[in-house]
Amino acid sequence: MVQMTYLEAINKGIEEEMTRDKKVVIFGEDVGGVKGGVFGATQGLAAKFGDERCFNTPLTEGEIAGIANGLGLIGYRAIGEFQFADYMLPAVNQILSETAKMRYRTKGDWTTPIVFRAPYGGGVRGGFYHSQSTEKVFFGQPGLRIVTPSNPYDAKGMIKAAIRSDDPVIFYEHKRLYRLLKADVPEEDYVVSIDKAQVVREGSDITVIGYGMVLQHALKAAEELAKDGIDAEVVDVRSIYPLDKETLVEAAKKTGKVLLITEDNKEGSIMSEIAAIISEEALFDLDAPIQRLAGPDVPSMGYALSLEREFLVNEEQVLEAMRELAEY
Amino acid sequence: MEKLKTTGLSKEELVQAYKDILMGRRLDERLWQLTRIGKTSFNISGQGAEVAQVAMAMAFEPEKDYFLPYYRDMTATLTWGMTPKDIIMGSFGKDADPSSHGRQMPNHYGSKEHNIVSHSSTVSTQIPLATGIAYGAILEKSDFVTLTTTGEGSSNQGEVHEAMNFAGVKNLPVIFGIENNEYAISVGTKEQYAAKKLSDRAIGYGFDGFTVDGNDFAATYLAFKKAVKKARDKKGPTLIEMMVSRLTSHSADDDHTIYRSKEELDSLKEKDPLLAFEKQLIDEGYMTKEEMLELDKDIKAQVNKATDDAEDMPDPTPESLYEQVYAE
Ligand SMILES: Cc1ncc(C[n+]2csc(CCOP(=O)(O)OP(=O)(O)O)c2C)c(N)n1
Numbered sequence: 001m002v003q004m005t006y007l008e009a010i011n012k013g014i015e016e017e018m019t020r021d022k023k024v025v026i027f028g029e030d031v032g033g034v035k036g037g038v039f040g041a042t043q044g045l046a047a048k049f050g051d052e053r054c055f056n057t058p059l060t061e062g063e064i065a066g067i068a069n070g071l072g073l074i075g076y077r078a079i080g081e082f083q084f085a086d087y088m089l090p091a092v093n094q095i096l097s098e099t100a101k102m103r104y105r106t107k108g109d110w111t112t113p114i115v116f117r118a119p120y121g122g123g124v125r126g127g128f129y130h131s132q133s134t135e136k137v138f139f140g141q142p143g144l145r146i147v148t149p150s151n152p153y154d155a156k157g158m159i160k161a162a163i164r165s166d167d168p169v170i171f172y173e174h175k176r177l178y179r180l181l182k183a184d185v186p187e188e189d190y191v192v193s194i195d196k197a198q199v200v201r202e203g204s205d206i207t208v209i210g211y212g213m214v215l216q217h218a219l220k221a222a223e224e225l226a227k228d229g230i231d232a233e234v235v236d237v238r239s240i241y242p243l244d245k246e247t248l249v250e251a252a253k254k255t256g257k258v259l260l261i262t263e264d265n266k267e268g269s270i271m272s273e274i275a276a277i278i279s280e281e282a283l284f285d286l287d288a289p290i291q292r293l294a295g296p297d298v299p300s301m302g303y304a305l306s307l308e309r310e311f312l313v314n315e316e317q318v319l320e321a322m323r324e325l326a327e328y
Numbered sequence: 001m002e003k004l005k006t007t008g009l010s011k012e013e014l015v016q017a018y019k020d021i022l023m024g025r026r027l028d029e030r031l032w033q034l035t036r037i038g039k040t041s042f043n044i045s046g047q048g049a050e051v052a053q054v055a056m057a058m059a060f061e062p063e064k065d066y067f068l069p070y071y072r073d074m075t076a077t078l079t080w081g082m083t084p085k086d087i088i089m090g091s092f093g094k095d096a097d098p099s100s101h102g103r104q105m106p107n108h109y110g111s112k113e114h115n116i117v118s119h120s121s122t123v124s125t126q127i128p129l130a131t132g133i134a135y136g137a138i139l140e141k142s143d144f145v146t147l148t149t150t151g152e153g154s155s156n157q158g159e160v161h162e163a164m165n166f167a168g169v170k171n172l173p174v175i176f177g178i179e180n181n182e183y184a185i186s187v188g189t190k191e192q193y194a195a196k197k198l199s200d201r202a203i204g205y206g207f208d209g210f211t212v213d214g215n216d217f218a219a220t221y222l223a224f225k226k227a228v229k230k231a232r233d234k235k236g237p238t239l240i241e242m243m244v245s246r247l248t249s250h251s252a253d254d255d256h257t258i259y260r261s262k263e264e265l266d267s268l269k270e271k272d273p274l275l276a277f278e279k280q281l282i283d284e285g286y287m288t289k290e291e292m293l294e295l296d297k298d299i300k301a302q303v304n305k306a307t308d309d310a311e312d313m314p315d316p317t318p319e320s321l322y323e324q325v326y327a328e
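First to last, the protein sequences are chains A and B.
Just so we're aligned, residue 1 is where the first sequence starts under UniProt numbering, counting upward by one.
Just so we're aligned, residue 1 is where the second sequence starts under UniProt numbering, counting upward by one.
FYI, nobody ran anything at the bench for these hints, they're computed from the structure.
A virtual CB, placed ideally from N, CA and C, is assigned to each residue, including glycine.
It is possible that part of the hints are untrue.
Partner residues aside, some chain A positions facing chain B, computed with beta carbon under 7 Å [what the hints assert, rightly or not]:
1) GLU63
2) ILE67
3) ASN69
4) SER97
5) GLU98
6) ARG103
7) TYR104
8) ARG105
9) LYS107
10) ASP109
11) TRP110
12) GLY140
13) GLY143
Let the sequences and hints guide you as you build the complete structure.
Next up, the structure:
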């Protein structure tokens, strides 16, 4: 075991996979050379594996996706980095028209087993276009997998599983988590499933479901509430698409009280679908209406600290919402 | 003037080229027939581009090179290795259809066995994929060459620009073919682009571009031959614009009499490259009219047999709708 940040865990996971399999290649804007990405996620990879396997692309997201698709077709495990999840929008056509459909439209003759890495999320004073949660753009596209780890252990295990997956995976990385968390991460080879949600805290009174940064708030709040005898179950969605319905529904049934938290806008977010699934599968096991705590329905968070704070779901709101639900 | 001699192709090779061209025409006529009698629902044809397509495809080595075609490239895929039965199975939507096993509309050609990559209906999304595959040749230190094609209207898509730019930056072994038939459904070239020649765009990407008369077999073949050699020698990409005719409506759902004048429609026969190639073969002493008539009989019989064989093949089972969404 060694202490690692979420960012170091991702770097290490990629490095291990590139060592294990020479078909793993990585590229994107500023990814190659000495820079190693604007966040440093690919630092050291070009030096270790050469600048053919770890390379810079021109500033062209559609093409980053296209290169990955092409390499995937001929057996490479291509990892395309989008500098920010906001900038995946020029690549939407490639990802939805090609990546998501290649296996299905050829009944498995041609496949694109690739990984797209996408740093997302707010709280970094990034304003509109460096803070968004774009996962809903790709959600509900059978053929794609969307995942996001919430801690360093999962970050390393899930990036490795994503690289080995025969399906295309969009790997969302929460920017606020990059350096926020340090935790024990095994130095040996391990993978973490990319199609399972995880109960990260067992509880019997209420069930809180979320992913990414808000999960950290939920875990802290749960400890706080425990002091008052309120026992919260906290579930990390991890696999955003397809959703691990079984684990989510079980956790909802267990306490009968469900709070869904997301950093994204409230309407049209992933949580809306989770609410629908729980209503469909477990309505009569519920003791309270399903609650959602989310960002407001404005385009994105503002740059000014006051605006960013107003947009983001914060620790106090989470604590408050959990307490209210427990008392319902 | 013995133009065909300049190709360096043997008599057998030139006769084979003629067979492919004639097969392309007769097979396409059959596909129209099948839509007319209601056995299939769609056709989009390459009539008027057959000579250019065969000349283009003959410059490659299909066993190792990759081809990412667009929907008019049926005749090129025949030269590349697909069979008439393969093509007709696609029109019937049969389970054994190598292009998509009945999942995509007709004319979306592909065959894993022949290194022909499946393409979407969203025009030009295959172009970035071609650059990804071509980058694979660098990683693999292989001399395979990648060919991708599109229409002149489709060449205006942003992804084409992104892909060509990357190909120039990395000096990729890829050849971009544009089949310019001067119509994008009903929209003529004047409303599509202001450039004199589309091949001039290559200058902006840092590589060579040529415009050839696609009705001129020798000129087209030699242009591609040169580009393929250059790519195999690791000297970079080439853009080749082929000027061709569109003898038919855009597709089975279109009626070109609405937007093409009577004079223009009447003049199409003069622009038929099949007739021009036949005349050339006779004039230059490779075949006689009698041999051609004999061959035509044989090809029609082959088309009839391929139609019957394809029609007898099983349809996809309804249950197969659920297969190959994800790796199984
Ligand atoms: C992105 C996209 N927009 C529109 C269409 C509808 N469409 C199909 S073919 C076509 C015309 C293409 O013309 P061109 O590229 O010149 O090729 P041609 O059909 O003449 O060979 C259009 C508009 C499409 N398939 N994809």
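Hints, one by one, checked against the model:
no. : hint   : in the structure
1   : GLU63  : holds (4 Å)
2   : ILE67  : holds (4 Å)
3   : ASN69  : holds (5 Å)
4   : SER97  : holds (4 Å)
5   : GLU98  : holds (5 Å)
6   : ARG103 : holds (6 Å)
7   : TYR104 : holds (6 Å)
8   : ARG105 : holds (5 Å)
9   : LYS107 : holds (4 Å)
10  : ASP109 : holds (4 Å)
11  : TRP110 : holds (5 Å)
12  : GLY140 : violated (13 Å)
13  : GLY143 : holds (6 Å)
Violated hint for the displayed structure: number 12, the only one.
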